[in-house]
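J.: These are the residues of each chain, in order.
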Amino acid sequence: MSTTSPLNLTSTDNPLVEGLERLPVHPTSLVIFGATGDLAHRKLLPALYNLAHEGQLPERFEMIGVGRRDQEHEDFRDAALDSIERYSRRKPDPNVLDGLLNDMRYIQGNFDDDGVYTELGRTLVEFDEQAGRQLDRVFYLSTAPEFFPLIAGKLGAAELSQADDSEVRIVVEKPFGYDLASARKLNAQLLEVFEESQIFRIDHYLGKETVQNLMALRFANALFEPVWNRNYIDHVQITASEDIGIGTRAGYYERSGALRDLVQNHMLQLLALLAMEPPTAFDADRLRDEKLKVLEAIVPPSIDDVAEMTVRAQYGPGVVGGVRVPGYLQEDGVAPDSRTETYAALRLHVSNWRWAGVPFYLRTGKRLSRKLTEIAVVLRPVPHVALQSSGSVGIQANQIVFTLQPDEGVSVSIGAKIPGSRMRIRPVNMEFRYGTSFLSESPEAYERLILDAMRGDATLFTRNDEIEALWGIIDPILRAWEADTTSEIPQYPAGSSGPDEAGALLTDGSVWRRL
Amino acid sequence: MSEDVWSEQDTNPDAIEAALRELLRRRHAENESLAPARVLNLIVIVDREWKGEIANRLERAGRYHASRTVLCAVEAGRTTLDAVATVSYTEPHDGRIGVMHEQVVIDLGPEHLEGLQTIADPVLVSEIPTVAWSPHGYREAVRSLLPLIDVMLIDSDDEGDAASAFERAQELREETYIVDLAWLRTTPWRERLAASFDLPQRLAALSEVAALEVRHQERSNASALLLAGWLASRLDWQRSPLRPERGGTLEGAARRSDGEVVVAVRPLRQEAPGLVGVTVACAQGSSLSLQRGQGGLDAHERTPDGVEREWKILGASRGEGGILGEGVRQALLRDPTYLPALKAAQEMLPA
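So the sequence lines, in the order shown, correspond to chains A and B.
Last residue of the first sequence: 516 in my numbering, with the numbers rising by one and none dropped.
Last residue of the second sequence: 1404 in my numbering, with the numbers rising by one and none dropped.
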């Protein structure tokens, strides 16, 4: 007979969790507001199916869709089935799919209708009673942003924002605010009803493997940290280019533009992760504290500086993939005199000890030559070149490139000798690609983030002070651009690499990387 | 899926390695978007007449393919090596990269097994982990490979009886890290039990477990004992040998700090290998039972006041192909709970 010490279960540590890859998620009712919308259709419902397929949903999982479309539960289930069959990353297992859809409910109504919240409360209680315990509740706001404060307020008024015996959380989709003032107002409105620890502001870029790998690469390798500073890094380029136009989203895009759509959230988050100091622990607040310090160290351009530090442009007619496409001003739903930018480029500086003097260049645009999201860290050139360079492209500065799209991975460019009798150098790449180096398929960002929200892990979500710091950087640019109603907005041909004017942002002879 | 193939009779490891290198070089020269996978090597030793079936099993492992698979097919009386090397890939589109996987099938004889390391070593990709799997025995081949490999893939459910399976696992773990497919068959059950008892209301009940019943397919008693061993080791139960009862059931008891846990491991009819169900009952009359069902596990809960509830916990079956794929994937990870579970399972084996 073996001898063992007595088990001490007075702590909240669950001894069964040790060694498991998947951490427990407590029984949850998930409520999706805007459940008939495009995000739910393309991303959220397929993500939920994939979590169910892999056995990652909580042991008891209930879902309620709330939307304005007049339909029955059965219609909603049919639409969910269609979404999952079309957009799931794997072929659905009919038994799992049935199990997921069987008890899905739909509540129809306007978001300002008290009856919706009464019905919602009744359904949630019904689920609790079936389970014999109060389930955790997650309210996912996948609606137009003007409904965020309304829905939060109504949830509070219906006493659904707090529970005695379970956790209640609210997930807020982007855009979080329209500018700094509206973001502050929205934060205040949400915080009137929910505590900060209950609020999960989503930025789906943070759910991508490569974004998280930025931290792994920086903080799990001694190789990079010694050069990760102003002494060795010349500049950083962050690019998020798309080859598509605005499609049917003219209404949204006319109000948003490239700066709000991608720079204010995703791209500045990437900058923060790249530039932050090592957190003392990988937990939500430690990590977000460090990101916040970086964002606060970025001096927002003064209105006078905006013209020199930023470029905006619109795509004109052009050819993409061999097909002629219209310019932005010719797109359906776009005002012919629209000044909304479809391209934005910025030069920013992080004013702290590590990064003083290192420019961070950000660019994003629609209808560019290809779809690409990457962060390129360009190192300073070597101080003395003893090797001959004639007959070759010569020695080029090393670059560390994190690619998020189309393939997730990292490459490091190094100079290597060209085979032959002469000492000629050209850059070659050392590449790491997820597809070649790991067996696991990267889960969709929304799968990870939905699971984290249900588990209450806010590490990959944006905190209120972070949101305000992000808007604080962008706000002067927005105001300067809005105030300028006369200067011509540069045009770039669809299918090109962007406006020529963007080249002028780069200093000291640097050039944009080829898309 | 496209393939480039090379083959040679009466060949040698250097020729095989050179052929693989040339296949990869030529394919990459034709399409720079194709890159070789570099995750791990897998060496498989099989009876020649079953090599097709094993190759099919590996194919069903889904996306968890080794980067380079070396399938050694043992044929009685053979004294020379014949080899077929294949590089398979799907042409990439839209600026993406494509991944190439390599497979080498080497027909060899029993006399090659003692020195198998010298055949396999030159054919492997260096600097990535190497996993070996020998589903048809061939212990001399495994012995030869042990200095070369990082992980041994075993299946304790395949050994015939759990006692010798566990003994073999203990022997091997002295030499290398082991991944046991019988253990991986218990993964969804362990995850679900961990999640179920993570609720504050249920967590306290873990220290009051009064009975454990693990139900298993007849050939999977190693999996069942490993699950029982896992609970016993995680919850610090004092283990003692179970008694064999009618129909292959094992019964007995373990001791927790302030009480006894009645343990039963019961074989049942089921087509799929692995577990059929598990029931954990607590001292105050509550119990939680999980049973394999269509599209997930069927859960049945009884509360201390006698209320009963049933529901479905969603999850697709991985199938045996998925289990093997998971075994390959687990070779890159380290599970600190297997060895304590194995030790506890051994202590619960009938005396």
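Derived from the structure by calculation, the hints contain no laboratory data.
Note that CB positions come from ideal geometry on N, CA and C, so glycine has one too.
Hints should not be assumed to be uniformly reliable.
Stated by the list, open to error - Pair by pair, the computed Cβ-Cβ distance ranges are:
| id | chain 1 | residue 1 | chain 2 | residue 2 | range |
| --- | --- | --- | --- | --- | --- |
| 1 | B | Gly1162 | A | Pro227 | 38 to 44 Å |
| 2 | B | Ser1179 | A | Asn430 | 39 to 45 Å |
| 3 | B | Arg1226 | A | Ile419 | 47 to 53 Å |
| 4 | B | Glu1224 | A | Val383 | 32 to 38 Å |
| 5 | B | Glu1363 | A | Leu192 | 39 to 45 Å |
| 6 | B | Thr1143 | A | Gly473 | 45 to 51 Å |
| 7 | B | His1146 | A | Ala336 | 34 to 40 Å |
| 8 | B | Asp1067 | A | Phe220 | 53 to 59 Å |
| 9 | B | His1146 | A | Ser422 | 21 to 27 Å |
| 10 | B | Gly1162 | A | Val383 | 34 to 40 Å |
| 11 | A | Gly473 | B | Asp1358 | 41 to 47 Å |
| 12 | B | His1146 | A | Leu192 | 34 to 40 Å |
| 13 | A | Gln131 | B | Leu1392 | 39 to 45 Å |
| 14 | A | Leu192 | B | Leu1225 | 56 to 62 Å |
As the list claims (entries may be wrong) - Covered by chain A, per the in silico footprint, the following chain B stretches (three or more residues, Cβ under 8 Å):
| id | region |
| --- | --- |
| 15 | 1186–1195 |
| 16 | 1245–1251 |
| 17 | 1355–1369 |
As the list claims (entries may be wrong) - If you want a taste of the chain B side facing chain A, the calculated C-beta under 8 Å gives, among others:
| id | residue |
| --- | --- |
| 18 | Ser1217 |
| 19 | Glu1220 |
| 20 | Asp1388 |
| 21 | Leu1392 |
J.: Each hint: holds or not?
T.: The hints, checked one at a time:
For Gly1162(B) and Pro227(A), the hinted distance range of 38 to 44 Å is not satisfied, since their beta carbons lie about 54 Å from each other. Checked against the hint of 39 to 45 Å, the pair Ser1179(B) and Asn430(A) fails, with Cβ atoms roughly 21 Å apart. Restraint check, Arg1226(B) to Ile419(A): a C-beta distance of roughly 49 Å satisfies the suggested window 47 to 53 Å. Taking 32 to 38 Å as the suggested C-beta distance range, the pair Glu1224(B) and Val383(A) does not conform, at roughly 54 Å.
As the Cβ distance of Glu1363(B) to Leu192(A) is approximately 41 Å, the hint placing it in 39 to 45 Å holds. In this structure the hint that Thr1143(B) and Gly473(A) lie 45 to 51 Å apart at CB holds, the actual value being about 47 Å. His1146(B) and Ala336(A) have their C-beta atoms about 37 Å apart, which keeps the hinted 34 to 40 Å range intact. The given range of 53 to 59 Å is broken by Asp1067(B) and Phe220(A), whose C-beta atoms sit roughly 42 Å from each other.
At about 40 Å, the beta-carbon gap between His1146(B) and Ser422(A) misses the expected band of 21 to 27 Å. Our hint of 34 to 40 Å for Gly1162(B) and Val383(A) is violated, since their Cβ atoms are close to 57 Å apart. The beta-carbon spacing between Gly473(A) and Asp1358(B), approximately 56 Å, falls outside the hinted interval of 41 to 47 Å. The supplied range of 34 to 40 Å is broken by His1146(B) and Leu192(A), whose beta-carbon atoms lie about 47 Å from each other.
The hinted window of 39 to 45 Å between Gln131(A) and Leu1392(B) holds, with their beta carbons roughly 40 Å apart. Leu192(A) and Leu1225(B) have their C-beta atoms about 57 Å apart, which keeps the hinted 56 to 62 Å range intact. Here the region 1186–1195 of chain B counts 0 residues with a CB under 8 Å from a CB of chain A, which misses the bar of 3, and the coverage is violated. Coverage of the region 1245–1251 of chain B by chain A holds [criterion: at least 3 residues with CB-CB distance below 8 Å; count 7].
Residues of the region 1355–1369 of chain B with a Cβ under 8 Å from some Cβ of chain A number 9, which satisfies the need for three, so the listed coverage holds. Annotation: Ser1217(B) was flagged as interfacial toward chain A, and the flag is violated, the nearest CB pair being 21 Å apart, outside 8 Å. Residue-level restraint check for Glu1220(B) is violated (minimum Cβ-Cβ distance to chain A is 17 Å; threshold 8 Å). A cut of 8 Å between beta carbons decides the hint on Asp1388(B): the least distance to chain A is about 5 Å, and the hint holds.
Residue-level restraint check for Leu1392(B) is violated (minimum Cβ-Cβ distance to chain A is 10 Å; threshold 8 Å).
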